[in-house]
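Trainee: These are the residues of each chain, in order.
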Amino acid sequence: MLVHSRKARWAVWAVFLVLFLPLFALPLLVILGASFATHWSGALPSGPTLDHYRSATRGEALQALTTSLVTAVAASLLALTAGTWAALAAAALKKRHRRVLDALFVLPVAVPSVVVGLAVLVAFSQPPLLLNGTRWIVITAHTVLVTAFAHQSVSAALTRLDPAYEQAAASLGARPAYVLFRVRLPLLLPSLTAAAGLCFALSMGELSATMMLYPPDWTPLPVLIYAATDRGVLFTGSAVAVVLMAATLLVLFAVSRVRTRASYR
Amino acid sequence: MTTDSALRAVPARPAERKGSPRRWTPHLWALPPVALLALFFLYPLALVVRQSLRPDTGGTSLKPYADVFASEAFRHALWTTVWLALAATAGCLVLGFLLALVIAFVPFPGAKPVARFIDVYLSFPSFLITLALLFLYGGTGVVGSFQFLTTPWGVLLAEVTYFTPFVMRPLLGAFAQLDTAQLEAAGSLGARAPRIVRQVILPEALPALAAGGSLVLVLCLNEFGIVLFTGAKGVTTLPVLVYGKAILESDYPGACAVAVVNVLISVGLYGLYRVVSRRAGA
Chain A
356 MLVHSRKARW AVWAVFLVLF LPLFALPLLV ILGASFATHW SGALPSGPTL DHYRSATRGE
416 ALQALTTSLV TAVAASLLAL TAGTWAALAA AALKKRHRRV LDALFVLPVA VPSVVVGLAV
476 LVAFSQPPLL LNGTRWIVIT AHTVLVTAFA HQSVSAALTR LDPAYEQAAA SLGARPAYVL
536 FRVRLPLLLP SLTAAAGLCF ALSMGELSAT MMLYPPDWTP LPVLIYAATD RGVLFTGSAV
596 AVVLMAATLL VLFAVSRVRT RASYR
Chain B
562 MTTDSALRAV PARPAERKGS PRRWTPHLWA LPPVALLALF FLYPLALVVR QSLRPDTGGT
622 SLKPYADVFA SEAFRHALWT TVWLALAATA GCLVLGFLLA LVIAFVPFPG AKPVARFIDV
682 YLSFPSFLIT LALLFLYGGT GVVGSFQFLT TPWGVLLAEV TYFTPFVMRP LLGAFAQLDT
742 AQLEAAGSLG ARAPRIVRQV ILPEALPALA AGGSLVLVLC LNEFGIVLFT GAKGVTTLPV
802 LVYGKAILES DYPGACAVAV VNVLISVGLY GLYRVVSRRA GA
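Same order as they appear, the protein sequences are chains A and B. Note that the working numbering gives residue 528 to position 173 of the first sequence, counting from 1, and the numbers run on in steps of one. Note that the working numbering gives residue 614 to position 53 of the second sequence, counting from 1, and the numbers run on in steps of one.
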């Protein structure tokens, strides 16, 4: 306890609320409130309605939701495989080589996602790999963007892993593949699911690279929200945004259930 | 760190000699992910660099760079990007430190849910903040339509709002490991709260502040969604310029030249951070 006097503590809490509520809680409440309203000119939204949700859960918007979900799941699984493989391979290397590999896989975080989008667009609009105009170009760009995060969290978990388990297994005669699948990966499972959740959330909300290269028949939710606000249909846009947040949270919740079950083992 | 990695290293087998095939097995296993990264990330980046050296008029020249550097729009965007990122990072660091301090050391009923809320907040896309600000300050806004959002200050507010939790999370992690006995000892020796914060908590928090701050700096330099959603013509950052040149004007050599400059700035800063944080022992 840093502040002992009761009065000072209340003052600190008051300052905290004054800073925290308007900055962090208000934006989300505003979107939630607007998604149920027809207009907002006074202090509070008015004209309660569910129409925006009706249009946000059918037709174009529903298709965008499935597009986003398919893209995010595919990109997360691919990124998790590549990132985990790279982290495991890097852990077996000597220190200098490991650093090079880690730096290579962290690079996509530092490169602006708009530039990743541009690069993927430039590279795959020409032979030998012609992906432009297909859904695969979106999935490719998302995978490149989230692999860095998957790799970072798995390699951070690997450094915390107690080597005694795998050494014990190996000394009892377990082959490397057996050690990997029965000892190391199960021990890594909590951080693997955490990384999967992170990748999924990032891919669901990805806008920058997607704006550069989405084909007309593969429009993810963030692009649809941007199109709505650009046309000035803010209320429908916020209903779609609520759908996006709800879908992300539902999947994250499901993923965290996997984690808690695994950690009791 | 070093003892840790020494422990982690695969125990050397007695049969292993220099040049034996087993010595190269780890490198072979590292090959597939590196090949994928090269194909889907490094090769595209190389093509961007190549395209930036090939103007529409044909041949290979530095003309796209000359054009870009000569244009007022680029210099303006460069300046806007850098100062917005620096100001937003400073704001996030101050605000994040203060808020994390309260959550960790002056805990109130409900501090745990607030910390959870921050985790959830991080999983939402950035443009939601601008969308909310559009209702508050936009054309028919609640607070009034004084065109606040179309100025850099609106973007700054949105960036500080969105990126502050990125500073708070590593800080809360660092504070959780801080032994409260240190605070009690300092307090019982007569140090008041500001002095405890300055001399006990701040030194402990520096690595987390450096990590969070540098991440926020790079993310702010690369931020696109927040700026795009304001719909402001007056605020152009480098990523927005890349998008505008490539998609709206179809000027690919120009877009690639701006992209190369943007990558150099971001990667340079990120590399600098990694070097500095390693020196600082973080």
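Keep in mind the hints are simulated off the structure, nothing from the lab. Please note that a few of the clues may not be correct.
Unchecked claim - For the chain B half of the interface with chain A, some residues (derived, Cβ under 8 angstroms), not all of them: (1) Pro-594; (2) Trp-640; (3) Tyr-682; (4) Tyr-698.
C-beta: ideal position from N, C-alpha, C; glycine also.
Trainee: Against this structure, judge whether each hint is valid.
Mentor: To see whether the hints hold, each was checked on the structure:
The interface hint given for B:Pro-594 is met, as the beta carbon of that residue sits about 4 angstroms from the closest beta carbon of chain A, less than 8 angstroms. At its closest, the beta carbon of B:Trp-640 sits 17 angstroms from a beta carbon of chain A; the interface hint therefore is violated under the 8 angstroms criterion. Nearest Cβ of chain A to the Cβ of B:Tyr-682: about 6 angstroms, under the 8 angstroms cut. The hint holds. With a least beta-carbon distance of about 11 angstroms to chain A, the hint placing B:Tyr-698 at the interface is violated under the 8 angstroms criterion.
Comparing the model with each earlier hint shows violations of hints 2 and 4; every other hint is respected.
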